[in-house]
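Peer 1: If you want the building blocks of each chain, they are given just below.
There are 2 protein chains.
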Amino acid sequence: MASTDTVIGVIGGMGPAATVDFMSRVMAETPAEADQQHLRMIVDHNPRIPSRQLAMRGLGESPGPTLGAMARRLEIAGADLLVMPCNLAHAWQSDIERASSVPFISIIEVSAESAMARSDDGSAIGLMTTPGCFTAGLYQQAFSDRGRPLILQTAGELATTMALVERIKSGDLSSEVISGLCDQAKELIARGATVLLAACTELPLVLDASMFDVAFVSSTDELARKTVAVALEREQQGHQNQ
Amino acid sequence: MASTDTVIGVIGGMGPAATVDFMSRVMAETPAEADQQHLRMIVDHNPRIPSRQLAMRGLGESPGPTLGAMARRLEIAGADLLVMPCNLAHAWQSDIERASSVPFISIIEVSAESAMARSDDGSAIGLMTTPGCFTAGLYQQAFSDRGRPLILQTAGELATTMALVERIKSGDLSSEVISGLCDQAKELIARGATVLLAACTELPLVLDASMFDVAFVSSTDELARKTVAVALEREQQGHQNQ
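In order, the protein sequence lines correspond to chains A and B. Under my numbering, think of the first position of the first sequence as 1024, with each following residue one higher. Under my numbering, think of the first position of the second sequence as 1024, with each following residue one higher.
You may find that some hints are simply not true.
[Said to hold, decoys possible] Only some residues are given here: those of chain B computed to face chain A with a beta carbon under 7 Å:
no., residue
1, Met1046
2, Ser1047
3, Pro1054
4, Glu1056
5, Arg1071
6, Ala1100
7, Leu1104
8, Ala1140
9, Arg1141
10, Gln1207
[Claimed, not checked] These stretches of chain B come out as covered by chain A in the derived footprint (C-beta under 8 Å, 3 or more residues):
no., segment
11, 1161-1171
12, 1236-1244
These are calculated hints, taken from the structure and not from any lab test. Being a predicted model, the structure only gives us computed values, none of them experimental. C-beta: ideal position from N, C-alpha, C; glycine also.
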């Protein structure tokens, strides 16, 4: 292997299907005709991480120590950068950054940036997420930092979204689940959202831009695009320095 | 994490899409409603491994040292068992076993066993593969050991199959590629095959049992099923010993 290979470390398994989806999107975003042109990833696909939703409700063990241990393990295994295709888990980003010195690309930051770029006329951004991610306030903070208000889901809408996300996690990708989530999105659109931000990596497993008349930001896609861009830039710099 | 967690080490990236497909099939084979019931995998998704096809033709660097280093790295990262969702790469299985003491589940053995079980009336097994895997003789040896003849592809059929596999690797999953591969399968069926063994992990990305009147053995599926069975059994034993 060339020493300029960039190894993408993936803190994964939250949920398992979302991690596999992220890997597919990294591959789709990589210009490649042959295997060797694709990017290298080391994926700790660990669905056994304590529930982030329960921890956020104060009802379960913190996933922080496990996430930190995974980051450290990926660093030892050779990761040059770290990503985590789960929005809510970013509530424990500080545990990851304490455990490892590898640069971490935040899904919150890249998704917020993309939503901002698609609403630079001041269009309203609707945040579609789970109760845990809502309670963590990650996106509320990111958009507050950018001086942009958000259209938020009600507690009832968050609960409905969670029930549908749990069905996706159990493997149910049925039209009933899809239409249920589309209904949740329509509530945000009815309240004025012209950009939908899917701030849960299970949502893009069943939803995509073609389903909506407004702009749709997939946090999974945004993280994949940024990851590929950073990795390819890093490899190009490595080649130049050789 | 419970100490009874089994960590599946995946020597991956050959090709990238086949590894992601393998991960999906492991998840599909795992009885799980929630994230935490899924199995843990550490995946070294390394598409940069030297070309197995070129090495088999004596035209390129051996992938053996890289495969051995990946196995060792997965062992250090905590793998309790190793799998490799690529048939041809098993030609370098000895490099893996020299580098690591973690039990290795062979895709060749599990696929051969499954094909034997589906042809216990002595039905003829047709081997559908790539020139490299054909030259390596892995399946010819496995079935010779079992006293079962194979129906083999001609050099021309192998070359056509390879061209179509390369299109799959470049992301082309078109109906033209599918029908081209179905035509290759039909050649084996016309020569008497009543069991088709898809001995290349790119093939099940576009082919499945519903396309054929004869039995269809997907090497990816067989490896996923065996991996899940071994991991769950190991975890059950761990719980009993606690």
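Peer 1: Verify the interface restraint on B/Gln1207: the C-beta must sit less than 7 Å from at least one C-beta of chain A.
Peer 2: 21 Å, violated
Peer 1: So, B/Arg1141 near chain A? Judge it on the closest CB pair being under 7 Å.
Peer 2: This interface hint is violated because 26 Å lies over the 7 Å limit.
Peer 1: Count the residues of the segment 1161-1171 of chain B whose Cβ falls closer than 8 Å to any Cβ of chain A, and tell me whether that reaches three.
Peer 2: This one is violated; 0 residues, fewer than the three required, reach chain A with a Cβ under 8 Å.
Peer 1: Does the CB of B/Ser1047 sit less than 7 Å away from some CB of chain A?
Peer 2: 5 Å, holds
Peer 1: Does the CB of B/Glu1056 sit less than 7 Å away from some CB of chain A?
Peer 2: Given a least distance of 5 Å, the restraint on B/Glu1056 holds.
Peer 1: With a Cβ-Cβ cutoff of 8 Å, does the segment 1236-1244 of chain B contain at least three residues near chain A?
Peer 2: Result for this restraint: violated, n = 0.
Peer 1: Is the interface hint for B/Arg1071 satisfied, with its Cβ closer than 7 Å to some Cβ of chain A?
Peer 2: 5 Å, holds
Peer 1: Taking the least C-beta to C-beta distance, is B/Ala1140 closer than 7 Å to chain A?
Peer 2: Violated. Min distance 27 Å.
Peer 1: Quick one, is the B/Pro1054 hint okay against chain A at 7 Å, beta carbons?
Peer 2: Status violated, d = 10 Å.
Peer 1: Can we keep the B/Leu1104 interface hint, with Cβ of chain A closer than 7 Å?
Peer 2: The hint is violated - B/Leu1104 has no Cβ within 7 Å of chain A, the shortest such distance being about 14 Å.
Peer 1: Given B/Met1046 as an interface hint, is the shortest Cβ-Cβ distance to chain A below 7 Å?
Peer 2: 5 Å, holds
Peer 1: Hint check: is the beta carbon of B/Ala1100 less than 7 Å from a beta carbon of chain A?
Peer 2: Nearest chain A Cβ about 5 Å off; hint holds.
When the structure is compared with the earlier hints, violations turn up for hints 3, 7, 8, 9, 10, 11, 12 and for no others.
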